[in-house]
Amino acid sequence: MTLPSPKLARSVRVGGWSVRLAPRAAVVGLALVVTAVAVSLVAISTGEFTVPVPDIVTALVGQGTPVAELIVSRLRAPRVVTGLLVGAAFGLSGAIFQSLTRNPLGSPDFIGFTAGASTGGILAVVMGGSAVWIAGGSLLGCVACAALVYALAYRRGVLGYRLILVGIGLNALLLSVDSYLLTRANINDAATAGAWLTGSLSGRGWDHALPVAGALAVLVPVCAFLSRPLRMMEMGDDAARAVGINVEAVKIVAIAAGVLLCGVATAAAGPVLFVAMAAPQLARRLTRSAGVTLAASALTGAVLLTLADLAAQRLLAPTQLPVGVLTAAIGGTYLALLLRKERR
Amino acid sequence: MTARLTGTDLTLAYDQRTVATGLDVVIPDGSFTVIIGPNACGKSTLLRALARMLKPRTGAVHLDGSVITSLPSKEVARRLGLLPQSSIVPDGITVADLVARGRYPHQKLMRQWSRADEGAVAAAMAATDVTDLAERIVDELSGGQRQRVWLAMALAQETPILLLDEPTTFLDISHQIEVLDLCADLHEAGRTMVAVLHDLNQACRYATHLIVMHGGGIVAEGDPSEIVTPALVEKVFELRCEIIPDPQTGTPLIVPEARRRVLA
Chain A
1 MTLPSPKLAR SVRVGGWSVR LAPRAAVVGL ALVVTAVAVS LVAISTGEFT
51 VPVPDIVTAL VGQGTPVAEL IVSRLRAPRV VTGLLVGAAF GLSGAIFQSL
101 TRNPLGSPDF IGFTAGASTG GILAVVMGGS AVWIAGGSLL GCVACAALVY
151 ALAYRRGVLG YRLILVGIGL NALLLSVDSY LLTRANINDA ATAGAWLTGS
201 LSGRGWDHAL PVAGALAVLV PVCAFLSRPL RMMEMGDDAA RAVGINVEAV
251 KIVAIAAGVL LCGVATAAAG PVLFVAMAAP QLARRLTRSA GVTLAASALT
301 GAVLLTLADL AAQRLLAPTQ LPVGVLTAAI GGTYLALLLR KERR
Chain B
1 MTARLTGTDL TLAYDQRTVA TGLDVVIPDG SFTVIIGPNA CGKSTLLRAL
51 ARMLKPRTGA VHLDGSVITS LPSKEVARRL GLLPQSSIVP DGITVADLVA
101 RGRYPHQKLM RQWSRADEGA VAAAMAATDV TDLAERIVDE LSGGQRQRVW
151 LAMALAQETP ILLLDEPTTF LDISHQIEVL DLCADLHEAG RTMVAVLHDL
201 NQACRYATHL IVMHGGGIVA EGDPSEIVTP ALVEKVFELR CEIIPDPQTG
251 TPLIVPEARR RVLA
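Sequences listed follow chains A and B, in order. Here the first sequence is numbered in the working numbering, starting from 1 and rising by one per residue. Here the second sequence is numbered in the working numbering, starting from 1 and rising by one per residue.
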């Protein structure tokens, strides 16, 4: 019997392997990679001292002039790489939680996870800790806060509006704790903590980039496995169980991955707001895919953060803005434009 | 009579609230089994337990002789499908994409879209008459069309047993009949169908095997023509009625007693 063949997805099949092809998602993904590379090159090449693009490569492999090597390998490249990795981590984390809660407001920067990381980081600053302590404090704060939100919101495994409401409440509580800590801190610590709180990539070196790279190396493959079950769970827990997904296990692994991504990213760059919320929403609209897409969200997060950081450095040069100020400005404006277009 | 799907001595509960106790249930192979009863009698809970959505407090559901929760969940999903009472339509998804998601239990990370997947999805869309809607956005369809799409997704799973939790709720009468006729077709094509329904007359018309529940227990089961009596309806639904043969099918048709008789 031959059936009338509807226009199903195009696919690639090699031997026993097969994948569905979403042409638009592939093109958008490629465009995002190209944009990320282009933004990175501009960020490394331009500034007070211009390094021509070919010299970037020679400097990176250790064959450039001493000045170029200092500027590229020690100053600009680690900052750009940290931005790309942190942006990707925030994007992934946001996508995971928005998918789990089936709500854009379920992002870690709304439900208190980023706030937990901030409070942990400030505590470390106030107690006179070094950069490693600040990073550790924020990672720990994020995990502790997530555990608390989960424990308070847990009811028959449902992760929906309860998680968001509890998270928003805790978020507010932590903000007041932050203010209290800042008023009790000495002036130097308060200044350090204040700068860290806006989220910044300034002065980030390879020692900031490497932990994020390590975390992503482990967690990106985990996300690849989570991607399809999470997409099914967006249709409801029963619908996902009906096709054979172990919903509880997927939730635990997804929460763990999302919290670690958010914590590691915050540890490296401070609580850069809005990337985790905006990246998955932008990615979904760019790819026009149904539901949340992890890969595109990671790429969008990376582009968004590096682009915002470039603008933060160049827009009011020589005045340097913290990147957190501009992620909201760029991401928010773009999202507002897309939503406006959607409404028509 | 053989039965691949059975439940023995089931106690079903949500948290502290016990919904049903001591249920023994057999789903005859090749039947169109309908579970019916008044609100809060435990009928949807029983269906959820049969579909392994709810773990029984005591007792066990068996599929092909094994305790269903001991089988790998994906393996169960290749034998038993479920259309839940309410599922969420992902934003912006097309009909073809949604139906294709039913293939999940047949896929692996490295084998996401085989020819078998493509064939099953095309067949499921043809059987539910949604082929022409393939590229439409599911959110923009009517309630009846959308329910056919969900059914297509469950069909694409290609399971010999299909459970449906109140598939006609929220549909107007013509779409209710359309969905039930479709279920009858699927039953005739060889599937074992199990549905929770609200309407006793529809249940009598379509079921080959009826399970009547009341207060968390099973009070009657069997061929509707043999078990549905005015006494049963009064006991279960607290409704006095007359039962006449359905002029279309000959199955029992429940006519509720009128408070004021118009015809003397």
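It is worth saying that the hints were derived from the structure and are not from the lab. Careful, some of the hints might be misleading.
[What the hints assert, rightly or not] PhoX-like mimics (lysine-lysine), calculated; alpha carbons at most 25 Å apart, straight line:
#1 B/Lys108 x A/Lys251
#2 B/Lys108 x B/Lys74
#3 B/Lys74 x B/Lys55
#4 B/Lys55 x A/Lys251
#5 B/Lys235 x A/Lys251
What you are looking at is a predicted structure, and each value in this text was computed from that prediction instead of being measured.
Now for the hints, and whether the structure bears them out:
| no. | hint | result |
| --- | --- | --- |
| 1 | B/Lys108 x A/Lys251 | holds (19 Å) |
| 2 | B/Lys108 x B/Lys74 | holds (11 Å) |
| 3 | B/Lys74 x B/Lys55 | holds (17 Å) |
| 4 | B/Lys55 x A/Lys251 | holds (18 Å) |
| 5 | B/Lys235 x A/Lys251 | violated (44 Å) |
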